[in-house]
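Residue numbers (this note's numbering): 13 to 122.
There's no promise every hint is true.
[Claimed, not checked] Simulated DEER-style distance windows between Cβ atoms: (1) GLU35 <-> PRO115: 14 to 24 Å; (2) LEU81 <-> THR32: 18 to 28 Å; (3) ASP15 <-> GLU77: 10 to 20 Å.
[Stated by the list, open to error] With a straight-line Cα cutoff of 20 Å, these simulated PhoX-like cross-link-like pairs (lysine-lysine) come out: (4) LYS21 <-> LYS40; (5) LYS51 <-> LYS21; (6) LYS40 <-> LYS51.
Worth flagging that the hints you see were computed from the coordinates, not collected in a lab. On a predicted model such as this, the values are computed, not experimentally measured, just so you know. For every residue, glycine included, the Cβ atom is placed at its ideal position computed from N, Cα and C.
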Amino acid sequence: LKDEVGQMKALADLAHCQATIGEFGAAKDLFNRSLDHAKGLESLSGQLVARWGLADLAEIEQDYESAMLILSDSLHEFIAHNATAPTPLRQRLKDLTELQNQPAGGETKD
């Protein structure tokens, strides 16, 4: 079991490193693999870390809707486990919702 937890964490760490150097495709793959491990372990914190990273990648691509959906999945996991969702998760969802509700300005989404 400890090996599985270690693999989950290592994959998330590697994903973060890949994202830092601009290798977003590799980072996405690694975060998804970490998420799969976290789901198998029923690790809420592991799922949050992986989904947080995936949401970061979506935001980098200015895909705010996907970021919101990814983080909403994390919120739903906390609710399903009758656990309190962390404040930063709730705040980030609130911020993304407000961003989505802003009128279109000078920027356009392609």
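Which numbered hints fail: The structure conflicts with hints 1, 3, although it agrees with all the remaining ones.
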